[in-house]
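Undergrad: Starting from the known structure of chain A, fit chain B onto it as the hints suggest.
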Amino acid sequence: MRGRARTWRKRSVLPGFGLSLGFTIAYLGLVVLVPLAALVIKSAGLGAAEFWRLATDPRTLAALRLSFGTALVAATINAVFGALIAWVLVRYRFFGRRFLDAVIDLPFALPTAVAGIALTSLYAPNGWVGQFLQPLGLKVAYAPAGIVVALTFVSLPFVVRTVEPVLAEIDRELEEAAATLGASRAQTMFKVIVPALLPALLTGFALALARAVGEYGSVIFIAGNIPYVSEIAPLLIVIRLEEFDYAGATAVAAVMLAIAFVMLFVINLLQAWSRRRFGYGS
Amino acid sequence: MAAELSGAPLRISRPVRRGRSATTEAPAVRVALVGLVFVFLGFFLMLPLVAVFVEALRGGISAYLAAIVEPDALAAIRLTLIVAAIAVPANMVFGVAAAWAVAKFEFKGKSLLVTLIDLPFSVSPVISGLVYVLLFGAQGFFGPFLDAHGVEIIFAVPGIVLATIFVTFPFVARELIPLMQEQGSGDEEAALSLGASGFTTFLLVTLPNVKWALLYGVLLCNARAMGEFGAVSVVSGHIRGLTNTMPLHVEILYNEYSFAAAFAVASLLALLALFTLALKTFLEWRFAGAIAAERAH
Chain A
1 MRGRARTWRK RSVLPGFGLS LGFTIAYLGL VVLVPLAALV IKSAGLGAAE
51 FWRLATDPRT LAALRLSFGT ALVAATINAV FGALIAWVLV RYRFFGRRFL
101 DAVIDLPFAL PTAVAGIALT SLYAPNGWVG QFLQPLGLKV AYAPAGIVVA
151 LTFVSLPFVV RTVEPVLAEI DRELEEAAAT LGASRAQTMF KVIVPALLPA
201 LLTGFALALA RAVGEYGSVI FIAGNIPYVS EIAPLLIVIR LEEFDYAGAT
251 AVAAVMLAIA FVMLFVINLL QAWSRRRFGY GS
Chain B
1 MAAELSGAPL RISRPVRRGR SATTEAPAVR VALVGLVFVF LGFFLMLPLV
51 AVFVEALRGG ISAYLAAIVE PDALAAIRLT LIVAAIAVPA NMVFGVAAAW
101 AVAKFEFKGK SLLVTLIDLP FSVSPVISGL VYVLLFGAQG FFGPFLDAHG
151 VEIIFAVPGI VLATIFVTFP FVARELIPLM QEQGSGDEEA ALSLGASGFT
201 TFLLVTLPNV KWALLYGVLL CNARAMGEFG AVSVVSGHIR GLTNTMPLHV
251 EILYNEYSFA AAFAVASLLA LLALFTLALK TFLEWRFAGA IAAERAH
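Protein chains in written order, with UniProt numbering: chain A, 1 to 282; chain B, 1 to 297.
Be aware that one or more of the hints could be misleading.
[Unchecked claim] Lysine to any residue pairs mimicking SDA-like chemistry, simulated, CA-CA at most 25 angstroms apart: (1) B/Lys280 / B/Trp212; (2) B/Lys108 / A/Arg275; (3) B/Lys280 / A/Arg93; (4) A/Lys139 / A/Asn126; (5) A/Lys10 / B/Asp187; (6) B/Lys108 / A/Arg276; (7) B/Lys211 / B/Ala196; (8) A/Lys191 / B/Ala26; (9) B/Lys280 / B/Leu207; (10) B/Lys211 / B/Leu192; (11) B/Lys280 / A/Arg97; (12) B/Lys110 / A/Arg11; (13) B/Lys211 / B/Phe275; (14) B/Lys108 / A/Gly18; (15) B/Lys110 / B/Asp187; (16) B/Lys211 / B/Ala278; (17) B/Lys108 / A/Tyr27; (18) B/Lys108 / B/Glu182; (19) B/Lys108 / A/Gly22; (20) B/Lys110 / A/Gly18; (21) B/Lys108 / A/Leu264; (22) A/Lys10 / B/Thr200; (23) A/Lys139 / A/Leu167; (24) B/Lys108 / A/Trp8; (25) A/Lys10 / B/Ala196; (26) B/Lys108 / A/Asn268; (27) B/Lys110 / A/Val266; (28) B/Lys211 / A/Phe23; (29) B/Lys280 / A/Val90; (30) A/Lys191 / B/Lys110; (31) A/Lys10 / B/Gly186; (32) B/Lys108 / A/Val229; (33) B/Lys211 / B/Gly195; (34) A/Lys10 / B/Leu116; (35) A/Lys139 / B/Phe43; (36) B/Lys211 / B/Ile86; (37) B/Lys211 / B/Leu283; (38) A/Lys10 / B/Ser193; (39) A/Lys139 / A/Val73; (40) A/Lys139 / A/Val229.
Please keep in mind that the hints were generated in silico from the structure rather than gathered at the bench. These figures come from a predicted structure and were not determined experimentally.
Same shape as in the complex, but just chain B:
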């Protein structure tokens, strides 16, 4: 500007280009770091995954299928589906209710409530099972009462469901709370001022706003519910065909040295994990803004 005004010829001196920008590393370092990450993740994450499928198919495809359609395996698959079908919707309803209370209202003790919701993540799965044994087991607080009324919880399906609900408790809530806090309640207030009832507002305004985050939370919750081992192992009693979930069935087969069969059932769980990861990645890629709270609504 000043040069133009004074009439002098404008000379723009090009900045001296160094080999790279000041905020990155030398190309060789970058290549080395990326290579190191590939090696580390390939070795620690991919290799075990590959091993599951190789071991599962070691006995051939017919042995693989036979291990899966075997009656005890089918019973384990059925029980796993039943448990997830109860635990996941229960925690979904809880997650929505908790997110509504925490995100749309201001009240005392809110941060304590959020900490308590995350609590099951900090507890060892074995302890999550143990607490129900202490409550409902034969020697537990309610044991004699349950026994007198012929109700079985521990070493039966209800105990497995309870332990699964415990370990998958925070998943949906923790996906929804930050997102709904970010979104605020302007949309809902507008709907209410236009005469919508509270329930209609929730159904037609709030739910569509959070549907992808809800699906995301449900997905993670379901993966954990179907794969939970420690907590379920403590309360199940390992009765074949009755109280064995898929992960427990894998353990029994493995301990009986039926490795191919154990890996065959395990490969179904690994497929579930891969499906979960694929869908999760797709949701993150396609609906990043509708899931992550960091993005503007």
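Just chain A, with the same shape it has in the complex:
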């Protein structure tokens, strides 16, 4: 039995290949792939014309534009501050460093609904932060700015956690070489360190963006949810479902899923590029 040539895998003395791979594929198929296929089949069943009509409905387009616009702003904020946080955590030694490092993962651990009501209470006009913004004419809670705040919170760890390990591996000798060749610290930073960090930074940015675009729980409390103004795409799916408009919900979901696949593909390309060019990056 073992003598039979299997060309699609290398032979191994370890047992359990068929069992573990079979179970993995069956479970993956049942839990993830079949349900996602149901979404694809359902949207294909709508027909091209109907799908196009639903997907380009002005309210849908407004929701998608809002979801992407706010996610883009949040991911950009996190790219800047994430890189800074990673730099400080890796390069400097100071009191409270381990504590800060642990706190970074709070958005992963804190349920999104809890984050949502906490941020809303902070940024509401009578909240701790909102009461100082109100006289300045800044409205954060119940406005698109609130969505950016919530998305910044939930996607904060991604850039830090992708840049941190790469930064820790960068050879200090490169910086020393740059310094001996007469580069200023700023030149070393932008010509030596930033290019080496770029793939990790872009990967973190893409991961943060992907997470922020699909985020629901933290946003719905703070957004105000006014159609065309502060209604995000995932919320529109829920609204369509509550109206028993399955076709409408499916069309929005299919567009978002397609975008998620494209982003996943881009993230994989970025990581492959990073491995090829720099030899590291997960």
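TA: Chain B alone, transformed into the frame defined by chain A:
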């Protein structure tokens, strides 16, 4: 060396010390950057966390306790525990099986499989719920069949469990796969050559090698399972006392303007998050090498 040989007195000229090394910033810049990070994280991360507990205790400790022991809240806590008790072990078994297949064997399509395992992380939680509604809902593919046999999945506990399994699917697998790949299969091959059966090898060699990473993955999986909101919200139907998990109960209380009660239940979830973070930090600190794949085995 050369100086000694030639007999000339050895003079070591001390290198001129500049104020700082060439590979760091001026002290003022460092202090400013560290300060900026403290302010940013304090403002964006710590302040919301503090707000949860302050708002929860605003009505006093007795109101806090009353909100938690209220029957609907207890039912929500019970349901959250039940759902996590099913979803987490299911994904743990899957994670171990997937890691064994991916890390110990070479086969075609492996990188595609790893990408597919991570897929649920890229899907919006709302879509994770929606796909089960499309499958098992009244208008879904299996809706009429389930209805005819009196099986309820959507707007019932099974749907909540399925949606939770979907969103927490990759956690254990993605912690184990890189570590087990790093470890290779030398230990297992040695055990097998000494006559251990496959199962004994797995139980006594592989499992002890990955136990801390497994615990780490389970911890993250559990935190997400108990806190999941979007996916569960779509399939739950929000029936108080029956299909409300803790995050959904928080939402209902909040929308009813029972803010103190909403924050009281939310504070339990925040405590779970803090406990998860503390244990995670401890595991990283104590067993760094046994969790992170970067370190040598």
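Undergrad: Does B/Ala196 lie within 25 angstroms of B/Lys211 when you go C-alpha to C-alpha?
TA: Holds, because 20 angstroms separates the two Cα atoms, which is no more than 25 angstroms.
Undergrad: Between B/Lys211 and A/Phe23, does the CA-CA distance stay at or below 25 angstroms?
TA: With Cα atoms ~21 angstroms apart, B/Lys211 and A/Phe23 stay inside 25 angstroms; holds.
Undergrad: Regarding the pair A/Lys10 and B/Leu116, is the alpha-carbon distance no greater than 25 angstroms?
TA: 22 angstroms, holds
Undergrad: Holds or violated: B/Lys108 and A/Gly22, Cα atoms, limit 25 angstroms.
TA: 14 angstroms, holds
Undergrad: Verify the proposed pairing of B/Lys108 with A/Tyr27, using a straight-line Cα cut of 25 angstroms.
TA: 19 angstroms, holds
Undergrad: Assess, step by step, whether the Cα of B/Lys110 is no farther than 25 angstroms from the Cα of A/Val266, and give holds or violated.
TA: With Cα atoms ~19 angstroms apart, B/Lys110 and A/Val266 stay inside 25 angstroms; holds.
Undergrad: Starting from B/Lys110, check that the Cα of B/Asp187 is at most 25 angstroms away, please.
TA: 22 angstroms, holds
Undergrad: What's the verdict on B/Lys110 and A/Gly18, does the C-alpha distance respect the 25 angstroms limit or exceed it?
TA: 14 angstroms, holds
Undergrad: Are the Cα atoms of B/Lys108 and A/Val229 separated by 25 angstroms or less?
TA: 48 angstroms, violated
Undergrad: With the threshold set at 25 angstroms, check whether the alpha-carbon distance from B/Lys211 to B/Phe275 stays at or below it.
TA: 19 angstroms, holds
Undergrad: Assess, step by step, whether the Cα of A/Lys10 is no farther than 25 angstroms from the Cα of B/Gly186, and give holds or violated.
TA: Within the cut-off at roughly 16 angstroms; holds.
Undergrad: Check the hint pairing B/Lys211 with B/Ile86 against an upper bound of 25 angstroms on the C-alpha distance.
TA: 20 angstroms, holds
In terms of the numbered hints stated before, the structure departs from hints 23, 30 and 32, listed from lowest to highest.
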